[in-house]
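K.L.:
Here are the chains, one letter per residue:
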Amino acid sequence: MKRVLVYIDEDAVEDSIDLLEVGRLIYGDKGFCSYALAAGVRYGAAGSLFDYMFQVKNGALPNYDTATIARCIEFLHRIYCFDAIVVPATHCGRMIAPRAAMRLHAGLVADVTGIGTDGDEVLMVRPAFSGRMLATVVCRGSGPVMMSVRPRVFTYEEPVLKSAEIIDVDVQDMKTPGIQLIERREKSEARDIRTSEVLISGGGGVIRDFHLLERLAEALHGMVAASRKVVDMGKAPRAIQVGQSGKIVSPRLYIALGISGSAQHVAGIRDAEYIISVNTNRQAPICSMSDIVVEGDSRAFVEGLLNRIEASNTQNSGDQKR
Amino acid sequence: MRILCLLKWVPDVDQLRYDRERNILIRENARLMLNPEDATAMATALGLKRDAPDTYIEAVSMAPRGAMPHLEDLVRRGIDHVTLISDPRHAGSDTWATSRVLARYLGTRDFDCVFCGTHTLDGGTGQVPAQLAEVLGLPLMVGICALVKLISQEGQAVVDVEGETAMMRFSIALPAVLGFQYSPERKLPYIQYEDLNRDVSSRITVLGNDKLGMDESELGLKGSLTQVRRLEVDALEAKDPVLLRVDQDGIDKVYHWLEQKGFLQP
Ligand SMILES: Cc1cc2nc3c(=O)[nH]c(=O)nc-3n(C[C@H](O)[C@H](O)[C@H](O)COP(=O)(O)OP(=O)(O)OC[C@H]3O[C@@H](n4cnc5c(N)ncnc54)[C@H](O)[C@@H]3O)c2cc1C
Ligand SMILES: Nc1ncnc2c1ncn2[C@@H]1O[C@H](COP(=O)(O)O)[C@@H](O)[C@H]1O
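Residue numbers (the working numbering), protein chains in the order written: chain X, 1 to 322; chain A, 1 to 266.
Just to be clear, a hint being listed does not mean it is correct.
Only pairs whose alpha carbons sit at most 25 Å apart, straight line, appear in this in silico DSS-like list of lysine-lysine [to be verified]:
id, chain 1, residue 1, chain 2, residue 2
1, X, K2, X, K247
2, X, K187, A, K149
3, X, K30, X, K162
4, A, K253, A, K239
5, X, K247, X, K187
6, X, K235, X, K247
7, X, K57, X, K162
8, X, K247, A, K239
9, X, K235, A, K149
Stretch-level coverage of chain X by chain A, calculated; a stretch enters the list once three of its residues show a Cβ under 8 Å from a Cβ in chain A [stated by the list, open to error]:
id, region
10, 64–72
11, 135–145
12, 278–290
Keep in mind the hints are simulated off the structure, nothing from the lab.
Glycine residues also receive a C-beta, built at the ideal position from the N, C-alpha and C atoms.
Let the sequences and hints guide you as you build the complete structure.
P.N.:
In structure tokens form, the structure reads like this:
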């Protein structure tokens, strides 16, 4: 039986648990034993989905104490000899995985978005060149297969219910990490653009008319998003930025208004089902990846479409009255 | 205060041309640019030096010799010293091999802080800073959006970081590895006119493996623990869009498309 260790990040507990799907994709439903390590105390639903759960006895470690957590992973690997170690590519996970890999002398693949196998070999697919290319990478050497996995790409949909056995871990002589949290302010995000099926997104070509997008979003039951250009100019909050350094979204419909489609922006919309782009320049890179390209001014487009929607709404309500 | 800045040059991804027939990106002619986050890190270091002129900044890059002209410019922008770690035997190194070479050199230096980017635009693994920190046994923080303070006498840095769900402020004991996030406000200073052709060769060191003395089995492809099997262009590049204009006909067609796909439900 293969052994898979999943690291549970306290800031993304559910997303971490979903990484069980990675184990399933590699070894099949019955082919592996699952181990969860949460350095904090938050295990969420892990107790009913994993075979084993490690509990750090000396007290919970904060997730930013990446050096100690990496030592903890090494300590566990020396005892349990995992075949795969899977870490969510969260802010802290991205620091923990490389530190642990270094200690274990193991190859590490970052930000994995696809999994395959070729005989006994695990193939890990990850975006490169700002997402314009996909690289298929394998680990060499004798160490465990290690990867950090992009959150929300995999979901553990048909869970096998279990009752996890708790294993106490006693990590000896934990050094102080040299890092202290002084202040933490939760981000107040009214609604997360990642949850919306329809996104009306604006870029450099609609900066002056950005407020108009809200009305179109309302009419299409969607939310407003933005390119980095708009955010950097202070016209939209960082929370609605789409792209490599913003949010990775997967709406059914993405309407890109005055967005050129730089590689960094497009990295965030690979999984959009339909893309409509409105651009004065139909050679803009976004156009070649759109289902519909509307050439022209985005303000005129938004106003025209809103009028069209309103016109048929009034007509419909008129019809109903009759 | 002594700061080491880690810098990498990457191809400008927006200039990569796609060859549909061979399904590859043509990388050869793409302009190289300093990885934007590394530029932010270096601009931050230069900002500190402006306020405290005794700050010493050394830039370190592991790259082919062709990077030389870029490195010379760094000195003209105010960096005190540049070290290029370059050896043909490094070609094909993954992050494991790269960070071990960088760590070997950094281990011989005396410094308060290592500044770097959080990740690069080409590979973008973001693994080098963490692997380096692990080899050197140093605290690490990445994703830094602001450096609040950095004081060598107090032996600490205070930084702001944007995490998944919260904004956080950390204090970090020096020496440490600090990875910055791209921030367009922090730009590199221009080169002064009189410096354009200044001879800066005395401030640049090139180091090959003969100096660093690592075993050949630790370098390049041989010394790597991961291997890229395939590199392919993401399929998204090739849609065949319907072309419309912003006129009554275009709006009508979009309207009917939205209706047909069910996006206009009341
Ligand atoms: C490290 C790094 C990370 C980055 N991360 C991100 C990221 O996460 N997300 C992101 O979006 N960007 C990111 N960027 C920035 C990115 O490279 C681009 O600069 C940015 O996406 C450009 O935004 P834009 O397309 O809205 O604006 P522009 O490049 O200014 O494009 C404007 C477009 O609008 C069109 N246009 C102009 N006028 C009109 C009009 N009246 N009507 C219709 N169309 C019009 C133009 O033809 C053009 O195509 C990042 C950059 C770096 C270096
Ligand atoms: N070859 C290199 N030379 C110098 N610094 C590097 C090199 N590779 C990576 N770095 C540093 O590590 C950061 C993250 O790189 P990466 O792990 O490749 O995404 C970069 O932003 C650089 O600061």
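K.L.:
All hints, please: hold or fail.
P.N.:
So, going through the hints one by one against the coordinates:
For the suggested pair X:K2 and X:K247, the alpha carbons sit about 34 Å apart, so the restraint of at most 25 Å is broken. For the proposed pair X:K187 and A:K149, the alpha carbon gap of about 23 Å is at most 25 Å, so the pair holds. Annotation: proposed proximity of X:K30 to X:K162 holds, straight-line Cα distance about 12 Å (limit 25 Å). Between A:K253 and A:K239, the direct Cα distance comes to roughly 19 Å. Compliance with the 25 Å bound is thereby established for this hinted pair.
In summary, the hint linking X:K247 to X:K187 is supported, as the alpha carbons are separated by about 14 Å, within the 25 Å threshold. Taking the CA atoms of X:K235 and X:K247, the gap is near 17 Å; set against the 25 Å cutoff, the hint holds. Distance restraint check for X:K57 and X:K162: the Cα-Cα separation of roughly 23 Å lies within the 25 Å cut-off, and the hinted pair is therefore satisfied. For the proposed pair X:K247 and A:K239, the alpha carbon gap of about 23 Å is at most 25 Å, so the pair holds.
Restraint check for X:K235 and A:K149: the C-alpha separation of about 29 Å exceeds 25 Å, so the hint is violated. Counting residues of the region 64–72 of chain X whose C-beta lies closer than 8 Å to any C-beta of chain A gives 4; at least three are required, and the coverage claim holds. As drawn, the region 135–145 of chain X meets chain A at 8 residues by the rule of a beta-carbon pair under 8 Å; at three or more, the given contact holds. Counting residues of the region 278–290 of chain X whose beta carbon lies closer than 8 Å to any beta carbon of chain A gives 7, which reaches the threshold of three, so the coverage claim holds.
Consistency note: the structure conflicts with the earlier hints numbered 1 and 9.
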